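Undergrad: Here is what each chain is made of, one letter per residue.
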Amino acid sequence: MSDISQQLREQILQARAGATKLDIRGGASKRFMGREPQGEALEVGRHRGIVSYEPVELVLTARAGTPLEEIVAALDEQGQMLSFEPPCFGGNATLGGTLACNQSGPGRPWGGSVRDQVLGIRLINGLGEELRFGGQVMKNVAGYDVSRLQAGAMGTLGLITEVSLKVLPKPGETLTLVTETSMAEAVRLMNERAGQPKPLSAACWHDGRLYLRLSGARSAVDATVRQWGGELLENDVAFWRELRDQRLGFFDGDAPLWRFSLRSSAEPLPLEGDWLIDWGGAQRWYRGDADRARLDALAAEAGGQVSLFRGGDRSGEVMPAQAPALRLIQQRLKRAFDPDGLFNPGRLYSWM
Amino acid sequence: MSNLNNSTKAQLAERFRRFIDPEYVISDDETLRPYECDGLSMYCEMPMLVVLPETVEQVQEVLRICHREQVPVVARGAGTGLCAGAMPHAEGVVLSLAKFNRILEIDPLARSARVQPGVRNLAISEEAAAFGLYYGPDPSSQIACTIGGNVAENSGGVHCLKYGLTVHNILGVEMVTVEGERVQIGGEGLDSAGMDLLALMTGSEGLLGIVTEVRVKLLPTPERARVVMAGFDNVQTAGDAVGGIIAAGIIPGGLEMMDTHAIQAAEDFARAGYPRDARALLLCEVDGTAEEVQEHIETVETLFAQLGATSVRTSHDEAERALLWKGRKSAFPAVGRISPDYYCMDGTIPRGKLAQVLTEMDRMAERVGLRVANVFHAGDGNLHPLILFDANVPGEFEKTEELGGKILELCVEVGGCITGEHGVGVEKLRQMPVQFSDQELRQFNAIKDAFDPQGTLNPGKGVPTLRRCQEYRSIEANPEAVGA
Ligand SMILES: Cc1cc2nc3c(=O)[nH]c(=O)nc-3n(C[C@H](O)[C@H](O)[C@H](O)COP(=O)(O)OP(=O)(O)OC[C@H]3O[C@@H](n4cnc5c(N)ncnc54)[C@H](O)[C@@H]3O)c2cc1C
Numbered sequence: 001m002s003d004i005s006q007q008l009r010e011q012i013l014q015a016r017a018g019a020t021k022l023d024i025r026g027g028a029s030k031r032f033m034g035r036e037p038q039g040e041a042l043e044v045g046r047h048r049g050i051v052s053y054e055p056v057e058l059v060l061t062a063r064a065g066t067p068l069e070e071i072v073a074a075l076d077e078q079g080q081m082l083s084f085e086p087p088c089f090g091g092n093a094t095l096g097g098t099l100a101c102n103q104s105g106p107g108r109p110w111g112g113s114v115r116d117q118v119l120g121i122r123l124i125n126g127l128g129e130e131l132r133f134g135g136q137v138m139k140n141v142a143g144y145d146v147s148r149l150q151a152g153a154m155g156t157l158g159l160i161t162e163v164s165l166k167v168l169p170k171p172g173e174t175l176t177l178v179t180e181t182s183m184a185e186a187v188r189l190m191n192e193r194a195g196q197p198k199p200l201s202a203a204c205w206h207d208g209r210l211y212l213r214l215s216g217a218r219s220a221v222d223a224t225v226r227q228w229g230g231e232l233l234e235n236d237v238a239f240w241r242e243l244r245d246q247r248l249g250f251f252d253g254d255a256p257l258w259r260f261s262l263r264s265s266a267e268p269l270p271l272e273g274d275w276l277i278d279w280g281g282a283q284r285w286y287r288g289d290a291d292r293a294r295l296d297a298l299a300a301e302a303g304g305q306v307s308l309f310r311g312g313d314r315s316g317e318v319m320p321a322q323a324p325a326l327r328l329i330q331q332r333l334k335r336a337f338d339p340d341g342l343f344n345p346g347r348l349y350s351w352m
Numbered sequence: 001m002s003n004l005n006n007s008t009k010a011q012l013a014e015r016f017r018r019f020i021d022p023e024y025v026i027s028d029d030e031t032l033r034p035y036e037c038d039g040l041s042m043y044c045e046m047p048m049l050v051v052l053p054e055t056v057e058q059v060q061e062v063l064r065i066c067h068r069e070q071v072p073v074v075a076r077g078a079g080t081g082l083c084a085g086a087m088p089h090a091e092g093v094v095l096s097l098a099k100f101n102r103i104l105e106i107d108p109l110a111r112s113a114r115v116q117p118g119v120r121n122l123a124i125s126e127e128a129a130a131f132g133l134y135y136g137p138d139p140s141s142q143i144a145c146t147i148g149g150n151v152a153e154n155s156g157g158v159h160c161l162k163y164g165l166t167v168h169n170i171l172g173v174e175m176v177t178v179e180g181e182r183v184q185i186g187g188e189g190l191d192s193a194g195m196d197l198l199a200l201m202t203g204s205e206g207l208l209g210i211v212t213e214v215r216v217k218l219l220p221t222p223e224r225a226r227v228v229m230a231g232f233d234n235v236q237t238a239g240d241a242v243g244g245i246i247a248a249g250i251i252p253g254g255l256e257m258m259d260t261h262a263i264q265a266a267e268d269f270a271r272a273g274y275p276r277d278a279r280a281l282l283l284c285e286v287d288g289t290a291e292e293v294q295e296h297i298e299t300v301e302t303l304f305a306q307l308g309a310t311s312v313r314t315s316h317d318e319a320e321r322a323l324l325w326k327g328r329k330s331a332f333p334a335v336g337r338i339s340p341d342y343y344c345m346d347g348t349i350p351r352g353k354l355a356q357v358l359t360e361m362d363r364m365a366e367r368v369g370l371r372v373a374n375v376f377h378a379g380d381g382n383l384h385p386l387i388l389f390d391a392n393v394p395g396e397f398e399k400t401e402e403l404g405g406k407i408l409e410l411c412v413e414v415g416g417c418i419t420g421e422h423g424v425g426v427e428k429l430r431q432m433p434v435q436f437s438d439q440e441l442r443q444f445n446a447i448k449d450a451f452d453p454q455g456t457l458n459p460g461k462g463v464p465t466l467r468r469c470q471e472y473r474s475i476e477a478n479p480e481a482v483g484a
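Listed in order, the protein sequences are those of chains R and P.
For the first sequence, UniProt numbering gives the first residue as 1, with consecutive numbering after it.
For the second sequence, UniProt numbering gives the first residue as 1, with consecutive numbering after it.
Hints listed in this document are in silico derivations from the structure and should not be mistaken for laboratory results.
Keep in mind that a hint or two might mislead.
[To be verified] Away from chain P, derived, C-beta distances all over 12 Å, residues of chain R:
no., residue
1, A17
2, G34
3, Q38
4, Q117
5, E129
6, P171
7, V178
8, G195
9, Q196
10, G208
11, T224
12, Q227
13, N235
14, V237
15, D245
16, G249
[Stated by the list, open to error] 27 Å max Cα-Cα, derived DSSO-like pairs, lysine-lysine:
no., chain 1, residue 1, chain 2, residue 2
17, R, K170, P, K406
18, P, K99, R, K170
19, P, K353, P, K329
20, P, K353, P, K399
21, P, K406, P, K353
22, P, K217, P, K99
[Unchecked claim] Some chain P residues close to chain R (C-beta under 8 Å, calculated; not the full set):
no., residue
23, T177
24, E188
25, G189
26, G415
For clarity, every value in this text was computed on a predicted model and none was experimentally measured.
Don't be surprised by glycine CBs; every beta carbon is placed ideally from N, CA and C.
The whole structure should be built from the sequences, with the hints applied where relevant.
TA: Okay, here's the thing in structure tokens:
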């Protein structure tokens with residue numbers, strides 16, 4: 001539990017004076033993500049601790065280096081949770097990194113993403129200025145939404161030092177139904193069922209099995225189980241946790257791991273290989289070497305995009321190409337926050 | 001308007017008429033008049049021109065010309081905004097998106113709709129109803145306001161505690177930049193790589209680009225919804241009861257509070273059976289599957305009784321539910337009947353501070369001889385104090401505005417913010433430096449520069465320039481100096 005923001009700010013100011021580049025590290029759980037890290041380590045992991053937590057207000061504020069596990073444990077005591085189920089990636093994931101990398105787990109389509117639940121942040125920009133955006137209240141539309149802008153920026157806009165989040169009560173009951181089915185049929189079923197007013201809270205398909213998780217009032221969950229049918233999955237908590245943290249067998253090995261973010265109802269893509277479908281069809285994992293241009297074209301057809309999530313060549317671009325106008329806007333935004341290009345150079349794109 | 005401006009105006013109108021239906025390039029005072037303000041009619045300004053393009057190409061061309069000539073452009077949806085965000089610029093063009101009123105596609109399986117920006121919020125839900133779906137955010141103005149305006153303001157509604165604001169319910173937008181370039185932000189998936197530009201655009205008040213298409217998420221219509229109404233004999237007890245519901249693990253579909261003035265006005269207007277003698281009234285709507293609603297309604301009723309409600313009533317059918325909501329929904333017009341004018345504020349506070357803020361607000365109002373009625377999105381801490389005044393009494397509007405400003409400052413003081421859903425526009429520019437430091441405001445201005453270096457998109461709104469902040473601060477510090 002300590003506040004080292006002044007120390008962090010000093011290091012940023014020094015880096016600026018010495019034209020040093022900085023490599024922001026929280027728990028170092030996501031080093032595999034993005035392009036190869038460069039620069040001097042800016043360690044935010046010791047800047048940790050829950051600053052305030054008001055269960056009745058549904059708001060928690062913690063320093064960026066706080067491990068997710070610590071936050072989850074504190075919420076658990078009050079019967080609350082992070083509805084976006086962030087991956088802990090081996091236990092070291094921190095709150096700041098989770099927001100910077102926009103990481104959310106299986107519940108994301110229903111419980112929202114980390115970006116959805118963020119209410120405010122503190123950030124040190126490239127000038128070493130300590131800034132506060134958003135707040136600790138549910139609604140705030142004063143000024144631009146700088147807090148949510150960070151989601152996916154991978155630290156390129158500044159050092160997030162504190163995050164306030166909306167938290168939610170845990171559901172009364174959670175059960176998981178499993179049925180054997182093909183990928184195409186699973187995609188259809190996931191989407192059809194998500195269109196019904198039932199307490200669906202996660203939907204995943206892998207290896208011929210469709211997993212539907214139901215969470216909510218006990219009576220509602222039980223009634224839906226009866227209606228939809230299927231086998232109840234034993235120890236389902238472990239299954240969803242392993243999916244969340246990418247510890248299912250599917251994620252083993254060194255083969256490149258591609259992540260598609262698509263229209264949830266898109267037909268299975270015509271690519272041979274191993275697939276895992278999550279987020280009710282909107283997030284699809286694919287293992288295998290493949291021609292980037294072909295993957296991009298298929299993703300575009302399905303209303304989305306593809307990135308090289310883990311493995312493969314990380315010296316080239318791993319994120320999907322940006323349209324020229326969007327690239328320009330992001331470069332200008334980068335300059336607006338970090339004119340000297342101190343933070344995480346080249347981590348998101350070679351040109352940033 | 002000077003002669004120079006008159007000739008610019010004529011030339012510009014002439015150029016627009018080359019590619020926009022001449023009828024939709026408005027330049028005469030009489031037809032311009034209806035555009036002089038938005039829903040906050042105390043602020044008005046006549047525009048130089050109004051254009052109503054019908055295609056995105058026309059929007060692009062308007063922007064290209066205005067960019068080259070450095071003419072301000074103010075986007076306009078339905079003009080229901082409550083912060084003078086759509087108020088015209090005297091030397092600028094109002095770009096109305098009114099002709100973009102088509103729902104382009106509904107994808108029932110993927111639960112999304114692609115719509116033009118001028119589509120009315122409610123029209124989306126009406127169209128989606130055929131598939132058992134609806135669009136979540138439901139501002140009270142939903143019959144009239146447009147989805148483009150909703151994106152620009154990040155609008156909320158009665159149901160946003162559970163279903164989120166606009167930012168949580170859109171997947172992508174197509175936008176035209178100040179230079180006239182068409183770009184796609186987001187898509188059909190739940191996220192895209194890089195900085196979250198979609199979030200940045202949401203709530204940006206027309207300062208960063210013109211939204212020309214929106215892809216919204218659709219939600220399955222809940223099987224059932226029921227509402228519990230509870231009266232309380234003091235505000236603190238009611239506020240605590242809200243906390244009690246949440247502590248019990250229930251996130252209601254809607255959770256609204258009204259104070260005495262609002263209860264009485266609403267009851268006189270809607271005859272919904274509200275307890276006229278209550279000091280605070282809560283409306284708690286629970287929605288979901290039939291079983292869930294049954295389970296949660298029982299909990300809510302019991303909790304309210306335990307937590308000191310003086311009366312509890314639950315809707316038994318749709319008619320009764322509609323009736324109980326009718327009072328709340330008509331609260332604004334109802335208050336309009338008990339006072340010649342009212343001014344609607346929009347601060348957000350931590351819920352726990354409710355009683356403190358209401359008490360302090362009453363005290364402040366009393367000091368200046370005004371009354372305040374309160375309707376309140378209690379679930380998410382968003383206050384709507386309605387300051388009652390009479391615009392025909394000289395000086396009363398100024399007094400009202402000043403009280404409004406003080407109320408917003410109070411919200412910031414207790415850890416809240418100056419606007420929960422209505423936006424800053426022109427109206428709250430003065431309070432921005434209360435909530436933000438100069439460095440933070442400079443960062444906002446740098447963001448604006450990244451999109452619009454010449455500052456021609458909706459100038460003078462949303463974020464004050466630092467020079468103006470210094471003026472505001474010195475006035476605050478030394479009110480006598482301005483001789484007001
Ligand atoms: C009776 C009443 C009740 C209300 N209730 C609520 C409520 O419950 N919740 C809530 O959040 N708000 C509420 N409002 C406020 C208002 O309705 C919302 O802010 C709404 O989103 C404005 O939409 P509009 O189409 O009228 O936008 P306008 O007023 O026309 O414009 C609003 C802003 O958006 C910009 N803009 C409009 N269209 C575009 C576009 N296509 N691209 C870029 N910028 C654009 C404008 O420049 C302006 O800054 C209420 C208003 C009234 C009058």
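Undergrad: Hey, does G195/R actually stay past 12 Å from chain P on C-beta?
TA: 5 Å, violated
Undergrad: Was V237/R rightly flagged as not at the interface, with every chain P Cβ beyond 12 Å?
TA: Non-interface label on V237/R holds, nearest chain P Cβ at 18 Å vs cutoff 12 Å.
Undergrad: Can we trust that Q38/R is non-interface, i.e. its beta-carbon lies farther than 12 Å from all of chain P?
TA: For Q38/R, whose nearest Cβ neighbour in chain P is about 18 Å away, the distance exceeds 12 Å, so it holds.
Undergrad: What's the verdict on K170/R and K406/P, does the C-alpha distance respect the 27 Å limit or exceed it?
TA: 38 Å, violated
Undergrad: Please confirm whether A17/R is truly not at the interface, meaning its C-beta sits more than 12 Å away from all C-beta atoms of chain P.
TA: A17/R clear of chain P: closest Cβ-Cβ about 19 Å, beyond 12 Å.
Undergrad: Hey, is G208/R genuinely clear of chain P, shortest beta carbon separation above 12 Å?
TA: For G208/R, whose nearest Cβ neighbour in chain P is about 22 Å away, the distance exceeds 12 Å, so it holds.
Undergrad: Is the straight-line distance between the alpha-carbon of K406/P and that of K353/P 27 Å or less?
TA: Given that 27 Å is the threshold and the Cα spacing comes to 16 Å, the pair holds.
Undergrad: Does the structure keep K353/P and K399/P at a Cα separation of 27 Å or less?
TA: OK: K353/P and K399/P at ~25 Å, within 27 Å.
Undergrad: If you take the shortest Cβ to Cβ gap from G415/P to chain R, is it below 8 Å?
TA: Since chain R brings a Cβ to about 6 Å from G415/P, closer than 8 Å, the hint holds.
Undergrad: Does T177/P pass the interface check with chain R, least Cβ-Cβ distance below 8 Å?
TA: 6 Å, holds
Undergrad: Beyond 12 Å from chain P, beta-carbon-wise, is T224/R?
TA: 7 Å, violated
Undergrad: Any Cβ of chain P at or closer than 12 Å to V178/R, or is the non-interface label fine?
TA: 21 Å, holds
The structure fails hints 2, 4, 5, 6, 8, 9, 11, 12, 17 and 18 (numbered hints given earlier, in ascending order).
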